[in-house]
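> The residues making up each chain are set out below.
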Amino acid sequence: MNGSPDAPRPLDITASAGVVQARQLARALAQECRFSLVEQTKLITAASELARNTLIHGGGGTMTARLVEERGRRGVRLVFSDDGPGITDVELALTDGWTSGGGMGLGLSGSRRLVDDFVLDTTPGRGTAVTVTKWAR
Amino acid sequence: MSERVPVLQIGQVLLVSIQIDLDDQSVLALQDDLAAKVVESGAHGVVIDITALDIVDSFVGRMLATVASLSRLLDAQTVVVGMRPAVAITLVELGLSLGGVRTALTLEKGLQVLERAHVSSLGASGPAGAIPDTAAGR
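Those protein sequence lines, which keep their order, are chains A and B. For the first sequence, the UniProt record's numbering assigns the number 1 to the initial residue and increments by one for each residue that follows. For the second sequence, the UniProt record's numbering assigns the number 1 to the initial residue and increments by one for each residue that follows.
If you are wondering where the hints come from, they were derived from the structure by calculation, not from laboratory data. The model shown is predicted, which means the values in this text are computed figures rather than measured ones.
Partial selection, computed: residues in chain A whose CB lies under 10 Å from chain B:
| id | residue |
| --- | --- |
| 1 | SER16 |
| 2 | GLN24 |
| 3 | SER36 |
Stretch by stretch, here's where chain A covers chain B in the computed footprint (C-beta under 8 Å, at least three residues):
| id | region |
| --- | --- |
| 4 | 18-26 |
| 5 | 48-57 |
| 6 | 93-101 |
Simulated restraints, written as ranges between beta carbons of each label pair:
| id | chain 1 | residue 1 | chain 2 | residue 2 | range |
| --- | --- | --- | --- | --- | --- |
| 7 | B | LEU8 | A | TRP98 | 36 to 44 Å |
| 8 | A | LEU94 | B | ILE89 | 17 to 25 Å |
| 9 | B | PRO85 | A | ALA17 | 27 to 35 Å |
| 10 | A | GLN31 | B | ILE89 | 14 to 22 Å |
| 11 | A | ARG113 | B | SER69 | 21 to 29 Å |
| 12 | B | PRO6 | A | GLY125 | 44 to 52 Å |
| 13 | A | VAL68 | B | GLY100 | 34 to 42 Å |
| 14 | B | GLY99 | A | GLY60 | 27 to 35 Å |
Glycine included, each C-beta is placed from N, C-alpha and C at the ideal position.
Using the sequences plus the hints, can you model the full thing?
So, in structure tokens, the structure goes:
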């Protein structure tokens, strides 16, 4: 454990092994941040859903993970970005059960409920970036 | 690199204990292995032990639901045992309630559920085999 607490740690998600690694990295940061067991479980689960989205819908991309500190709070921030087709109907993509990829349609909508902050930035034809933050209680 | 999860047979029951963080391919391979093994062995029950899993995401959740449905079609019951409380909380919040999946808190209770279901299906000549629905929540 060296370097400053906010040093970002990038990870390529280009195969399903990348989804496993995204979970491992999220787990390591959640533990570093001393999340409770439930908070840890929620963050790792959200990371897994979003990493799979990046792989399947974005055609691969990256997760950048970092510890953040704001107004005396500590947390973990994960940014998932891809250069894929983007999302044309954001409202629809955030609806429970709606899917374009043959999954259960819970990736975006479900992971949004598991984190504290959720920002979706997407441009059709250009790609998608999802930034999620979970704060230690 | 995909990992293969061993499927063990004890009498009429197949037992799978997931001990490592599986990638998606391995999860699908397990689903296919289980379907094949149910038919091959003629087992009446499947126990999937997830005690070691610290998360269950929608992909693994869907596998559990699929195994439960397909084993039913192949004349076997599936029980998922050992779910951690934090995993249950997260699954519900994620939006997956796994309604069609029987659960038991421990392996021992899971085996009892299968035994009761099997006995009542054998005695279905009597007052048409109502399977005791004691699996969930015990």
